[in-house]
Each structure stands twice: as structure tokens, then as C-alpha cells.
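Participant: From just these sequences and the hints, can you work out the full model?
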Amino acid sequence: MRTRPRTHLIRALSALAGAALIAAPVSAAHAAAPAGVRTADSSAAPSSAKETKTMRIATSGFVDSFNPWTSIYLTPTNVFRYMYENLVQNSDVDGSPTKGLADHWKVEDGGKKWVFTLQDGLTWSDGKPITSADVKYTYDQMMTNPDLAVANGSFVANFAAVKAPDAKTVEIDLKSAQAPNPGIEVPILPQHVWEKVADPAKFANDKDVVGSGPFLLESYKPNQFITLKANPNFWRGAPKIDKIQYIYYTNSDAQVQALRSGDVDFVSGLNPTQYQALKGASGVTEHSGIGRRFSSISFNSGMKTVDGQAFGDGNPALQDVNVRQAIRLGTDTKTLLDKVLNGLGTSATSFIPASYPQWTLPGDDPAVKALAFDQEKAKQKLDDAGWKAGADGIREKDGRPLSLRLFVDSTDPTQQAVSQYFQPWMKAIGIDIKIVSTDSDTINAATVAGNYDIYFSGWSVSPDPDYQLSISTCASLPTKTDGTGATSQDGWCNADYDALYKEQLAQTDQSKREAVVHKMLALNYTDTAQISYWYANNLEAYRSDRFTGFRTMPAKGGIIANQSGYWGFMDVAPTGSASSGSGVNVGLVVTGGVVGVVVVGAIVFFLLRRRRSADVE
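Using my numbering, you'd call the opening residue of the sequence shown number 4 and step up by one each time.
Check before you lean on any hint, since a few could be wrong.
Unchecked claim - Restricting the straight-line Cα-Cα distance to at most 30 Å, the calculated cross-link-like pairs of lysine-lysine (DSBU-like) are:
#1 522 - 178
#2 178 - 515
#3 430 - 372
#4 282 - 307
#5 437 - 505
#6 102 - 246
#7 116 - 522
#8 382 - 342
#9 171 - 224
#10 210 - 282
#11 166 - 205
#12 109 - 505
#13 559 - 102
#14 116 - 391
#15 342 - 307
#16 178 - 307
#17 131 - 210
#18 199 - 131
#19 171 - 109
#20 109 - 515
#21 382 - 522
#22 400 - 380
#23 483 - 307
#24 382 - 337
#25 171 - 380
#26 115 - 205
#27 382 - 430
#28 380 - 437
Since the hints were made in silico from the structure, they are not lab data.
Facilitator: As C-alpha cells, this is what we get:
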């Protein structure tokens, strides 16, 4: 559910160049590493299918750390969903709040006080009891230490106090009434472990992990593997497999080949070509699920800190809303969806995806209609702003040509394809686009520091949009001139938007809150801090001859990988030994089949910050 910071870029996960998941019992027959894979230390891999049941996942997702307080990248955020239970979980049926550590809750004082009652008999993976003190401790650290609020600080921004009057009761007093359940999205950590850490903000948390979710981090080697082991003390029941292992591949084509050959069992974040090519592959089932991610072109509309200090080297032309609107008018998002994504998705309007129809900005909204694709209107907009076409057709103002840098990940074919449409469209209206093709680490460093004009971004969004809405407020701007210290989606700030944000936060009437959210999205659309161009379906494939019992989220037509919960792998079992239980046998029930993995796409789509939700997250 989260998506995160300015780091924003970081958290993103490329919906199309994603990581392949491998879910296969290890055997001697698979000992040789397929082309394109960085092999893990042999000591980390299970030695025999008889000794262990391991689902293996291929990934290229980046890990900054496994510290839930500070990590802003998508891959670790997704792993956290399996390692730690929240106070309140998101339902796999429709994303609504459901039982987590809390068995039930009630709202008092007109929405300013929420009282949660924990379940009976909860224990950490080391056998120690989970109590309200752990919940209070987790929230208090985020409320009092800015270094521990990097990843999820926006969730507690409205907290006035957290109390634990007894072992099973948690009381959250809010500064003002709020509609979103305050217990969602934050991993609750064990106080008895973390209070012994000298500097929690720098704690790697990559070994001997104590958690409360269905799986626990067992071992990790950067750019080689991430191994999770089953937690027998998980309150919903012990997993049916022993381990999940993420293995790093250098490119998505190698991941797909590994799936075909049986060296891996799940791939996620496929591009349309890869997805189509897997149809009919022996033992493989593919699935196109409703995604919870938006993809966008983000503008540097004037990077500044929360106290107004400008930083970065962005082109000042993009600080003019008329220039940004002209770019929107000149961009044909429908063609991008049809030609680049083969129609496997939905045209976007805003940064809240169509998977949440009650929240997303309607396509017939006046703001959307006013700035619909029209290159002649784009030219007029630039004319009116004083940008006149030069002899070569490129516009100039005060002797300066309108030339903008577009960062493109050199390993991401989807970004490359979109840029090949975008560049001539901009030339047609008089804007020179200089494509800077480089690696994702370079792009990340440049965008965090504000040294960019345009780059590709994207976030995974939670069922309740509050977090994603919050990271476009002025309060979420970076605190330091190096671009760090907070999580801003696009580095954009608007006082009218901030006022609407406060209004929706306190609005407990669902229909009225939806209307306010639509106003916020329309304002952001008109200001054009970014152009969301599609909500891609999540294209996945898995070895249905090996594993079963995966769940989709939402239950109808949803996804397994990159969920805003732990449902995807919770009930996974080897084919032939899985109980019918509550897990969905995707191979039999879901058209095209789905296998779930927490893997995060291989293209780190940079966003100002990663917040789960995108999904994280």
C-alpha cells in the first residue's frame, strides 16, 4: 500500500520490466545458472526438493535496506508485507480494512480517537508475546524521531498521542478527525528487539529477524539473493512452503527464459511482447491482472525544500504552468497505451489508478477535457506564454531555446519506446527533447538532487489514497537541499491542494470524501506536475505444474505480485499437496492464471519517494 518518497522514484517498480519470480524446488538438474542470472552463494540454496519446499523468485529490484522505518524502495517494502503484520491489514477481496494484529476497533470523539483491541495469543517469531506496547513503541519512534519517519512518517502526521492502557488495547488520539483507518500500512516492530539497537535509523535488519508475518528474512546478499523462511508462529497459520528465495537476474528476457526452462516458476512485470510469447508454453500459465500502479512523466517544476530553499538545475521553463500544460496537450496517451502497451491497461488521468474506481479522476472531468490531446492548442499555449518558434522550429524566449532533458533508463525497453513517441510529439509543438539514456542509479541520484527536467516515474498505490495524496502536499517536500529528508511524489506544492487534502482527511462521509479527492486530482492535473499516461495491467506468468494456491488482490481480476498485502504467497503450496483452504488455485480459477510474488519490477521507476502502496507500495 505504500509508495514512497522522493525517493519517490525509488519506490516505483516498473510495471513492465519487472522481476521474474521463480518458484521451484531446487534440484541438481537446476544447479547450472541460466544466462543472465547472478548466482547466489550455494550455501543459501536448498540442497534438495525432499529437504525443503522453496519457491524461487527472480528479481532485479533494488534494496536500500531491510529497515521498515527508513527503506523507501519497492522490493524491501513488499518483503516487509510478508515479514511484519500491520495493526490493520488490507483485505484481499477489495482492499478494505480487515483484521491484522487488531481483532476489531471502534471510532470515538467524532473520528478523533480510534481504539483497537488486539487478538488473543499473538506471538513474535521468537515466541515472545505481541502486545500493545509494541504498537505504541513503533508509532512513538516515528512521531518523535524524524530519522525513523522517512518511510512512513506521513501515516502518523496526524497522531497526537498513542496509548497502551493494557496489553491488548491501543488508543490513537488524533490532532483532527480522519476518515482513513490509522492502523493500516505501518509494519509493527518488536520493541524487545529494536529498543536494544543503538541507532535504529542505521540498523540493517538483514539477519536474525524477528517478525510476525507469514515469512521472515533469513539471509541476504546484495545483487545475489534474498531468502525468506516460513514463520510457524504466523497467526493465520504456518505457510505450506518452507522458503521463498529471490534471485537476481540481469535482465527480464533471461527471467522469461528461466521460466520456460523450468529454472524459475514465476515472472512478474512482463512487457506485452514477453507476455504474448509465453502463451502455450508447457507448464506455464500467464495472467493479466488489474494493476494498482500508475506510470507517469514527472516534471521538475522547481525543486525546493519544505522551507522554500531552491535546489537542483531544472530548466526554469518548466516552472511555467503554461509550458507544462502545452506538453500535456501535445502528448497522445491513448497512442502510447495502444502502441507501446498493446492495450494491456487503461489510459490514465491521475496518480490514483483505475483499480480504485471510486477514487480515480473520471475521464469526463472538465479538467481532463480541457487539456485533452490537441497539438494545435499546445502550440497556441506556448505562443501565449511568449515562446516563439525559431528558424529550426524550436521555440525561443529571451534568447533561450526551449530544450529539455528527458532521463531514460537504458535497460528499460518500455521507457525507450515511450520516449521515441514523446520526442517527435514535442518537436511538433516546438520543444526540443534531449534524451539522456543512462542507468537507474544515475537517474535516481540526479532526480533526488533536483538535477533533471523530465524523467519517468510511477508508484504503486494503496486502497485508501490518503498516503499518495499526502506526498503531493507542501509538507512532504524535502527537508534538505540535497533532496533528502521527506517523501514528495513530484516535488510539487500547491496551497489550494493542501487545503483540500485536510478537508478530505477529516471527511467521514464516503461520497463527500470522494468528491474532494476528485477536486484534488483535477487541480494536480491542471497544474500538470506530471503526466500519468497509463495504468498498466500487471502481466505475470508462473509454473502451474509446480505451485498452486496463490491469491489475487483484489479477488476479482486482481494481481499476485506487488499486492498491498501478504495474500499472494500466504497459501502457496507445491502442486498436488495444496489443500483447498482459502487460497485461490489461480491455475484453475483465474483466467490466464496468476502466481504471486512480491517481486518488484526491474525498472526502478523513480518516484520522489516510495510509499508502499505502492506497493510497498
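Participant: Confirm or reject each hint.
Facilitator: Evaluated hints:
Restraint check for residue 522 and residue 178: satisfied, since their Cα atoms lie roughly 24 Å apart, inside the 30 Å limit. For the given pair, residue 178 sits about 21 Å from residue 515 by alpha-carbon distance, which is consistent with the 30 Å threshold. At roughly 23 Å between alpha-carbon atoms, residue 430 and residue 372 fall within 30 Å of each other, so this suggested pair holds. The hinted pair formed by residue 282 and residue 307 fails the criterion: a straight-line CA distance of about 48 Å is larger than 30 Å.
For the hint pairing residue 437 with residue 505, the CA-to-CA distance comes to about 39 Å; that exceeds 30 Å, so the pair is violated. The straight-line distance between the Cα atoms of residue 102 and residue 246 is roughly 25 Å, inside the 30 Å bound, and the hint therefore holds. For the proposed pair residue 116 and residue 522, the alpha carbon gap of about 27 Å is at most 30 Å, so the pair holds. A threshold of 30 Å between alpha carbons decides the hint, and for residue 382 with residue 342 the separation of about 24 Å falls inside it, so the pair holds.
Distance hint between residue 171 and residue 224 is unfulfilled; the C-alpha atoms sit about 38 Å from each other, more than 30 Å. A threshold of 30 Å between alpha carbons decides the hint, and for residue 210 with residue 282 the separation of about 39 Å lies outside it, so the pair is violated. With a CA separation close to 27 Å, the supplied pair residue 166 and residue 205 stays within the 30 Å bound. About 22 Å separates the Cα atoms of residue 109 and residue 505, which keeps this hinted pair within 30 Å; it holds.
Of the pairs offered as hints, the one joining residue 559 and residue 102 holds, with about 20 Å between alpha carbons and a cut-off of 30 Å not exceeded. For the proposed pair residue 116 and residue 391, the alpha carbon gap of about 57 Å is over 30 Å, so the pair is violated. Simply put, residue 342 and residue 307 have alpha-carbon atoms about 36 Å apart, too far for the 30 Å limit, and the pair is violated. Of the supplied pair hints, the one linking residue 178 and residue 307 holds, its CA atoms being roughly 27 Å apart against a limit of 30 Å.
For the suggested pair residue 131 and residue 210, the alpha carbons sit about 18 Å apart, so the restraint of at most 30 Å is met. This hinted pair checks out: residue 199 and residue 131 have alpha carbons roughly 15 Å apart, not beyond 30 Å. Distance check on the hinted pair: residue 171 and residue 109 sit about 14 Å apart at the alpha-carbon level, within 30 Å; holds. Restraint check for residue 109 and residue 515: satisfied, since their Cα atoms lie roughly 21 Å apart, inside the 30 Å limit.
About 27 Å separates the Cα atoms of residue 382 and residue 522, which keeps this hinted pair within 30 Å; it holds. Simply put, residue 400 and residue 380 have alpha-carbon atoms about 19 Å apart, close enough for the 30 Å limit, and the pair holds. Taking the CA atoms of residue 483 and residue 307, the gap is near 9 Å; set against the 30 Å cutoff, the hint holds. Between residue 382 and residue 337, the direct Cα distance comes to roughly 20 Å. Compliance with the 30 Å bound is thereby established for this hinted pair.
Taking the CA atoms of residue 171 and residue 380, the gap is about 61 Å. The hint is violated against a cut of 30 Å. Restraint check: the Cα-Cα separation between residue 115 and residue 205 comes to about 33 Å, which exceeds 30 Å; the hinted pair is violated. The suggested pairing of residue 382 with residue 430 holds, with an alpha-carbon distance near 11 Å, which does not exceed 30 Å. Taking the CA atoms of residue 380 and residue 437, the gap is about 23 Å. The hint holds against a cut of 30 Å.
Against the hints set out earlier in the document, violations occur for numbers 4, 5, 9, 10, 14, 15, 25, 26.
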